[in-house]
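Sequence order for the protein chains is S and H.
What the first sequence shows, in our numbering, is residues 1 to 114, in sequence order.
What the second sequence shows, in our numbering, is residues 1 to 117, in sequence order.
Hints listed in this document are in silico derivations from the structure and should not be mistaken for laboratory results.
Here the structure is a predicted model, which is why all the values come from computation and not from measurement.
Accuracy of the hints is not assured; some may be wrong.
[Claimed, not checked] Calculated cross-link-like contacts (lysine to any residue; reagent style SDA-like; alpha-carbon spacing at most 25 Å):
| no. | chain 1 | residue 1 | chain 2 | residue 2 |
| --- | --- | --- | --- | --- |
| 1 | H | LYS109 | S | ASP26 |
| 2 | H | LYS38 | S | ASP26 |
| 3 | S | LYS57 | H | PRO40 |
| 4 | H | LYS38 | S | GLY42 |
| 5 | H | LYS38 | S | LEU111 |
| 6 | H | LYS112 | H | PRO40 |
| 7 | H | LYS38 | S | SER18 |
| 8 | H | LYS3 | S | GLY58 |
| 9 | S | LYS44 | H | LYS38 |
| 10 | S | LYS9 | H | LYS109 |
| 11 | S | LYS57 | H | LYS109 |
| 12 | S | LYS57 | H | ILE60 |
| 13 | H | LYS112 | S | THR112 |
| 14 | S | LYS9 | H | THR5 |
Below, each chain spelled out in residue letters.
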Amino acid sequence: NAGVTQTPKFRILKIGQSMTLQCAQDMNHNYMYWYRQDPGMGLKLIYYSVGAGITDKGEVPNGYNVSRSTTEDFPLRLELAAPSQTSVYFCASSYSGVNYNEQFFGPGTRLTVL
Amino acid sequence: AQKVTQAQTEISVVEKEDVTLDCVYETRDTTYYLFWYKQPPSGELVFLIRGNSFDEQNEISGRYSWNFQKSTSSFNFTITASQVVDSAVYFCALSEPSGAGSYQLTFGKGTKLSVIP
Chain S
1 NAGVTQTPKF
11 RILKIGQSMT
21 LQCAQDMNHN
31 YMYWYRQDPG
41 MGLKLIYYSV
51 GAGITDKGEV
61 PNGYNVSRST
71 TEDFPLRLEL
81 AAPSQTSVYF
91 CASSYSGVNY
101 NEQFFGPGTR
111 LTVL
Chain H
1 AQKVTQAQTE
11 ISVVEKEDVT
21 LDCVYETRDT
31 TYYLFWYKQP
41 PSGELVFLIR
51 GNSFDEQNEI
61 SGRYSWNFQK
71 STSSFNFTIT
81 ASQVVDSAVY
91 FCALSEPSGA
101 GSYQLTFGKG
111 TKLSVIP
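Please put together the full structure from these sequences, using the hints given.
Rendered as structure tokens:
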């Protein structure tokens, strides 16, 4: 199993550009998450999904959109990139949404907006 | 609101020393779980251990052990006989309800551990 994969690993955007961060998992997990990690900070939840076709906002959703058309994929869309979106983005998945399930993380995407 | 505090920003120890990472949490839930994750320099977060509110045990798994005390809202994590490969940022996280019958993780800011050979 590849686990959780993310592409690209690095990206530089200009202000106002758009892009999609890709995330896929091959563990047949229903729950998937997007986090951002700013320097010296913990991870903050952007969006999450409890299954195909179902998504919901996390703590910091502004400026982002997600979709979940399949169990495996959970892309994160940035529209009109801003310098405040410079961060490392992590995708994660878990078997279920119960509070004892650990989440499995991808390797992250480092995004810089100039 | 949920909150996780890791007061130690950075810790340095000499190899083979034991090191304890502190975590203090706030929650109104009566049933909850806490986690420790490791983020090595490569960047990927790795799950280490889990504790729960209804089984307040101090457990050991290899070189890792944890001390869960509800009375002080603390979930401290100890690495015994530290090794250079333990150098990483360690995050404590609290599982909290996020709606739709799901739970989300609230992370502390992390503690950077450097193990000096």
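Okay, the hints, checked on the actual structure:
1. H:LYS109 x S:ASP26: violated (29 Å)
2. H:LYS38 x S:ASP26: holds (22 Å)
3. S:LYS57 x H:PRO40: Violated, at about 28 Å.
4. H:LYS38 x S:GLY42: OK: H:LYS38 and S:GLY42 at ~12 Å, within 25 Å.
5. H:LYS38 x S:LEU111: holds (22 Å)
6. H:LYS112 x H:PRO40: OK: H:LYS112 and H:PRO40 at ~10 Å, within 25 Å.
7. H:LYS38 x S:SER18: violated (31 Å)
8. H:LYS3 x S:GLY58: Distance ~15 Å between H:LYS3 and S:GLY58 Cα, so the pair holds.
9. S:LYS44 x H:LYS38: holds (16 Å)
10. S:LYS9 x H:LYS109: holds (23 Å)
11. S:LYS57 x H:LYS109: It holds: about 21 Å lies between the C-alpha atoms, which stays within 25 Å.
12. S:LYS57 x H:ILE60: violated (36 Å)
13. H:LYS112 x S:THR112: Judged against 25 Å, a Cα distance of about 23 Å means the pair holds.
14. S:LYS9 x H:THR5: Violated, at roughly 29 Å.
The structure fails to meet hints 1, 3, 7, 12 and 14 from the earlier list, while all remaining hints are met.
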